[in-house]
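Participant: The residues making up each chain are set out below.
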Amino acid sequence: MPDAPTSRTIAVSALARVEGEGAFTIRMRDGQVEGVEFRIFEPPRFYEAFLRGRSAMEVPDITARICGICPVAYQMSSVHAVENIFGITLPPELRALRRLLYCGEWIESHVLHIFMLHVPDFLGYESAVALAQASPENADLVRRALRLKKAGNQIVRLLGGREIHPINVRIGGFYRAPKPEELAALRPELEWGRAMALNAIAWAAKLPFPDFEDDYEFVALRHPNEYPMNEGRLVSNRDLDISAEEYPDHFEEYQVPHSNALQSRRKSLSPGDRGQGEGAYFVGPLARWNLDADKAPASVQEAAAKTGIIFPNRNPFVSVVARALEVLVAVGEALRIIAEYKPPAAPAVEFQPRAGVGHAITEAPRGILYHRYETDSAGMLKNATIIPPTSQNQLQMERDLARLAPELIKLPDEQAKLRAEHAIRNYDPCISCATHFLKFKVEGR
Amino acid sequence: MMSPAKPRLGVFKFASCDGCQLSLLDCEDELLAVAGAVEIAYFLEATRRPLEGEFDLALVEGSISAPEQIEQIHDVRKRSKFVVTIGACATAGGIQALRNWGHEQEYLRVVYAKPEYIQTLATSTPIADHVNVDFELRGCPINKEQLIGVIGAFLVGRRPHVPNHSVCMECKRAGIVCVMVARGVPCLGPVTHAGCGSICPGYDRGCYGCYGPARLPNVTSLARQFQAMRVPLPVIDNMLHTFNAWSPEFRPGAVGNGAGHA
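Taken in order, these protein sequences are the chains called A and B.
Read left to right, the first sequence gives residues 1 to 445 (the numbering used here).
Read left to right, the second sequence gives residues 446 to 707 (the numbering used here).
So here's chain B without its partners, still in its complex pose (with noise of 0.2 angstroms):
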């Protein structure tokens, strides 16, 4: 007799490094156990299988960045029950979101000798920007732990649980020395979303907030802080200029934000 049919997961990619889909595979311990309760069903950095059917969870890693990812997305969306962003590009346009500032022709020009052989958008883009997104796993790269999380919440029918504070409360909770007060070095922890393990500080470095902007963050007060450090305020916009410079939290910079001003 033929067991129920398995939920079928499928992976997409967008612009983006591979990073946060090679999670998957990087949960050695796990992957056995996921592709045991799931069905692979569409994962083009790990299987040979052809995009074909509907997907009960899809997970998109990348931004969008190119005329036919469009379609692309729409039809994820459309094959999908659940769709799950993984990762800075797929929630926040990614690095490659830089081009938004209205760099996009000059940077074509200047990387590409022929560029009327290149078709991209002039923006980067996050996913929700395109279609309904129903959850957004941040970071980059995201945290495998968190991945397995968010796959076994659908699997049971609830909703993921992520907290959304900052990388500083998750700093404090293990007991690391702060660097900012203990030895003056900028650390975004504050505004930062948790989810990394706060490995930053835990390395006697500052975040550079990889993680994306925590709920409600206040980037003005930081930003300010910053200054009184005497850290210029270009440093304070590449600071905040990475890879989730397009998220509306960093977007502004320091200045957008009310620094420069004090």
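Only chain A is shown next, with the shape it has when bound in the complex (with noise of 0.2 angstroms):
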């Protein structure tokens, strides 16, 4: 039964190409949006309360589990987190294999999502596997995304152990430096892969894009001289310049009931109540791009502007094509650091674990992440507080598939959800993620 015609429901139950569980309903009475509500049913799973008691030498292996796609994030904010706390700072080799690592991650898990997951949207098919049985030169497309794709694994594959659920990240540094022959042998695929990221940036650049520019706030790290991963202060395009200390005084989180996941909003200025989607704000690689796209090497800032589109961009669709650049980005950077590789003296440093608070924030592929740890004198954690980048990008999914609801009304149901979805899938959310972290907090301890 088609809905009256003054009133109509957009929803979709189960979204696909995400990671986990996650669903969308858009009411509108009269022309006018009623209600949007991004759901998450991913079941929690409590990681922040089962982390209590345990050594933080286990926080790297334990937070890994929370996502599969982007472990290593997990493993980069806790380990920095920890390391605040027990005074570590990391000799520049191991500080450069931290972030070789990282770039292995972004290449992964950008590949995985511009091809597997966001450009059958733009394209019109269900999966990339369809896409690719649609015609040879398809088929070709794919096969060097997954190549592509394989680089960035090998790298984690080499200083973490394995693709997923690394198992060499350690407090202090590595279990095991890799030795310079290990990692040489990784540029060839990377020199490959850097022409392979070239064509992806030209390529995503001619995707169509619909107009839906709008004010955002972008969020992201920003470091003096690079591009950032694991370190760098919190800026945003209009007041935000904060450590990562001060990360609680200027973001909350609030529950609703129609999540399983918390949402993340800037804290107001103004107490009171709040308007629908008041506080929203936007983490991930358009974000970063648009703040940070200067720190990037300038052959990536040169394919940037040869794609003619404008940065500072505020058209979310357009995400595509800044995680295209990041790909670029990290590539080059991987090669960089393995050219300039020299084995630490330790794959770790001493320490003694103390007792304390210790933040960080590192930017996963899909934005920032945020761990805060407090620890005994044992170095046994007390509590933890983890808020992943898909919370944070919630209440702006939510906001846009509002802003986008007087146009999808006008479509027939299959393409208002199809359409709905793909500006979802602009955040790439990870709804595994966002599930089970939340405020955690023991009183009387």
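Do not take every clue at face value.
[Claimed, not checked] Straight-line distance between alpha carbons at most 30 angstroms, and here's what the computed DSSO-like set of lysine-lysine pairs gives:
#1 617(B) x 150(A)
#2 306(A) x 295(A)
#3 206(A) x 306(A)
#4 150(A) x 451(B)
#5 206(A) x 150(A)
#6 150(A) x 342(A)
#7 150(A) x 295(A)
#8 179(A) x 617(B)
#9 295(A) x 267(A)
[Said to hold, decoys possible] Covered stretches of chain A (in silico footprint by chain B; criterion: 3 or more residues with CB under 8 angstroms from a CB of chain B, positions within the stretch not fixed):
#10 62–68
#11 226–237
Hints were generated in silico from the structure; no laboratory data involved.
All C-beta atoms, glycine included, are put in the ideal place defined by N, C-alpha and C.
Now that you have both chains on their own, put them together as the hints suggest.
Facilitator: Right, here's the structure in full:
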């Protein structure tokens, strides 16, 4: 039965080509948006609760399991936060290896999202497999994309021991540092990958982008002399410029009845009730490129200029191009780090656990990932707070759906759903990540 | 003329991190060949195709941890000729099974301001606790080569060949110097199911048991050895209680396995 002409509900009950389980509903009445809900029904797994009483040394292994797509991001934010508590500073060689590992994850995660999850939306296929099966040219494109993804995964595999849930990251560094010849073996595929990434940028820039600009607050790390991954201050295109420690003063999480994931928003300057969507902000590749393009290697800035797309850009559909630009950043950085590699004196620095509180923010492929831990003097965890990128983008995704709604109502159901899904996939949501974190606080301990 | 219908593959997710199903997309060299040999009929992480019809092979990731999932897994079973569970969540309940020691209400309270919005079960349990499972592939995450092997075995109609001996055996075969004997690093390799390629000892650290128990593991003997190495009992418990905590062999912890009385 079609809905009455004045009222209509567009609902997708199981969102595809995202990580984890989500759904959304847009309710319209008399041509006005009555309500938009981006629902996360992924069951909670309670990481922050069971981390209590575990050793800080276990944190990178355990938090990796929050997300099979971006385990390195969880390992990076968690080790940095704990290292902040223990007063550990890494020598430059180990710092470079951490960045190299992150490059690997950016490549594999971004290429997965561009070609396997997002491009089918632009080109009208149900999946990358369907895309590949449609023509020999498409099959070749998907094959080359998989090869590029593998080049990223090979970095993670060497430095981490395996692609998913790597085992080599530890507090203080790594368990084992790679030999120069092991790293050198990665170079040929990465050199090929540089050319492929350039092609991917030019190709992505020609995809059809609906006109959908808005005045977003983009939030990303900013580092004085490099494109941000592991460190930096948190900045936005508005007034934000803070350290990781100050994050809780500027952002808050709150619970909504329709979702198993907490949503994040900017803390309000004025108390009282807020309108729907107020305090939303935008994290991820487009935010990073908008705020940090000047820190990217000159060759990537040139590639961006050649696309003809104006940056900073306020159209979330253009995220796919920012993601492709970041693949080139990561490939180039990986090649640079490998070329400059000198084995560290030891795979990890010595340290003594101590009591304290530590914060860290790193740039997961899909945006900033905040971790906070509190330890006792033996290095056992007393508290943990983990705020993943998808809970930070959640409110923004709802706002985009609301803004899209007047256009959706003119489309037949299937097309409306597809367009709305596409808008959500702009953010590369990782719903497995987004569930379970949430504020965790123990009183009276 | 129509070619004969390809076997229909379904990939299903319960409570999990998505990593095991991602292993299929991580088969960069084999993915298109797999897609040529089977019809990927349901795989929400990769395709918009809706859930309909029956499946020749269902790969199931994740544990049962919410009320509606019980119904869903029975539906998957009914639709599928073969059900293969992939990963530690599906075969042992995953790390989220740490709630099974009676902490669920406490966890819910401390994580959510309004726990009444959240519907979960008090336990996180493996798929085989709810429906008949034809084969269990272990690991957190699974080994993608083993996954291809399992799909291939199914295609030709034979039992998958996945060794169930210990990581310790794998490690010896790889010629890795024993981290426990040579360096005194506690290692769960002697009781852990093979399949990862003994990567942890290969990277100079002890195995942390992410593939779950090997067949007939002697947990008591290993726990006592750890005690002799002066590893505190709570630490041994934490080592056993990670991604496969709810497996029958690791569940009793150190003392429950007979350590602590030596």
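Participant: Confirm or reject each hint.
Facilitator: Quick rundown of the hints versus the structure:
no.	hint	result
1	617(B) x 150(A)	holds (29 angstroms)
2	306(A) x 295(A)	holds (17 angstroms)
3	206(A) x 306(A)	holds (12 angstroms)
4	150(A) x 451(B)	holds (27 angstroms)
5	206(A) x 150(A)	holds (24 angstroms)
6	150(A) x 342(A)	holds (25 angstroms)
7	150(A) x 295(A)	holds (26 angstroms)
8	179(A) x 617(B)	holds (22 angstroms)
9	295(A) x 267(A)	holds (29 angstroms)
10	62–68	holds (count 5)
11	226–237	violated (count 0)
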